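Please build the complex by placing chain B on the supplied structure of chain A, with the hints as guidance.
Chains as they are written, first to last, in full-length UniProt numbering: chain A, 1 to 157; chain B, 1 to 157.
Mixed in with the good hints, there may be bad ones.
If several chains are the same, the list does not tell them apart, and a pair holds so long as it fits within one copy or across any two.
To be verified - In the DSSO-like style, the derived pairs of lysine-lysine whose C-alpha atoms are separated by at most 27 Å in a straight line are:
#1 Lys21 x Lys10
#2 Lys20 x Lys126
#3 Lys8 x Lys127
#4 Lys20 x Lys10
#5 Lys86 x Lys126
#6 Lys127 x Lys156
Hints are computed from structural coordinates only; laboratory data are not their basis. These numbers were taken from a predicted model, which means no experiment stands behind them.
2 protein chains.
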Amino acid sequence: MQTYQVEKLKINFKTLEEFKKFREYGLAELSMLEDLEGNLIENNSDSPFYGIYQDGKLVARMCLYHVDAKYDRYFDPQQDFLELWKLEVLIPYQRLGLGTALVSYAKSLSLPIKTNARNRSAPFWKKMGFQPVRYNPERDRGESPYVWLPEGVSLKD
Amino acid sequence: MQTYQVEKLKINFKTLEEFKKFREYGLAELSMLEDLEGNLIENNSDSPFYGIYQDGKLVARMCLYHVDAKYDRYFDPQQDFLELWKLEVLIPYQRLGLGTALVSYAKSLSLPIKTNARNRSAPFWKKMGFQPVRYNPERDRGESPYVWLPEGVSLKD
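Isolated chain A, as found in the complex (with noise of 0.2 Å):
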């Protein structure tokens, strides 16, 4: 099985190019440009992006956002969890095992990991070693959530 190498991308506008290619492009990644473009971040500076390069070219990607333990509303005990979104990898380079080296990367810094399977996503996320919470609608609003638990973490209530 080959093995991909996981980066954690820098904000410039190389990167912010290359991420015009995802479908999941917003205002998110638009922001970024701007405050690029108006020096209020400076070149390479981190983003909670990491991402595989294929042929030189930026491929795969994914968000990871630490939140803190006081927004933790899924684990036993609270604690601080990563929240991993805009997992994405370009048609190309689909079914070659990119998304599972990314989630495998979140999986290595040992905290709960919680996401939104979308889309129909959830056989993927169950691969991944992901399970559902019980949905709660005032907490959740429409999402999935799905969530990778440590050792020793359990799902609250």
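Showing chain B alone in chain A's frame:
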């Protein structure tokens, strides 16, 4: 221009079966099904979903969630608002104005509306009179929030 009848959907086995045709089928829908099967909720109880029927089938839907003012981080003055998501029209019925009909219905309720402009849907939301917010990573966590403001309401900050 054709007008479509927007209906508030009741939770029953027929509706939940029709939901399976939509791409954004997840824990929210499964939870309603389990609650109905377990008699935790009554047949035909209210749901937060609205839909349009054509040819006897549910072909478009959205979820509208009434959010209490205490959770409002978008509007000035701070107030109750609607969160709109899972707006989806089945493929053979797209480009006929059904999405527009659903959003117009939401606007007729005269509360501010917040949605997440996913998958490059920003041009649609702009056409509907929505505007992007100033992206705030802590609050918006990778979303692309677009809002619609009734008269007398403005954006916070």
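Checked hints:
Proximity of lysine 21 and lysine 10 under a CA criterion of 27 Å is satisfied intra-copy only: 17 Å inside one chain copy versus 40 Å between copies. Within a single copy, lysine 20 and lysine 126 get their C-alpha atoms only as close as 29 Å, which misses the 27 Å cut-off; across copies the closest is 19 Å, which meets it. Taking CA atoms no more than 27 Å apart as the test, lysine 8 paired with lysine 127 passes inside one copy only; the shortest distance there is 24 Å, against 36 Å between copies. For the identical chains of this complex, lysine 20 and lysine 10 are intra-copy neighbours only, at 15 Å inside a copy versus 40 Å across copies, given an alpha-carbon limit of 27 Å.
When the C-alpha separation of lysine 86 and lysine 126 is checked against a cutoff of 27 Å, the pair qualifies both within a copy, at 18 Å, and between copies, at 23 Å. Proximity of lysine 127 and lysine 156 under a CA criterion of 27 Å is satisfied intra-copy only: 22 Å inside one chain copy versus 42 Å between copies.
Against the hints set out earlier in the document, no violation occurs for any number.
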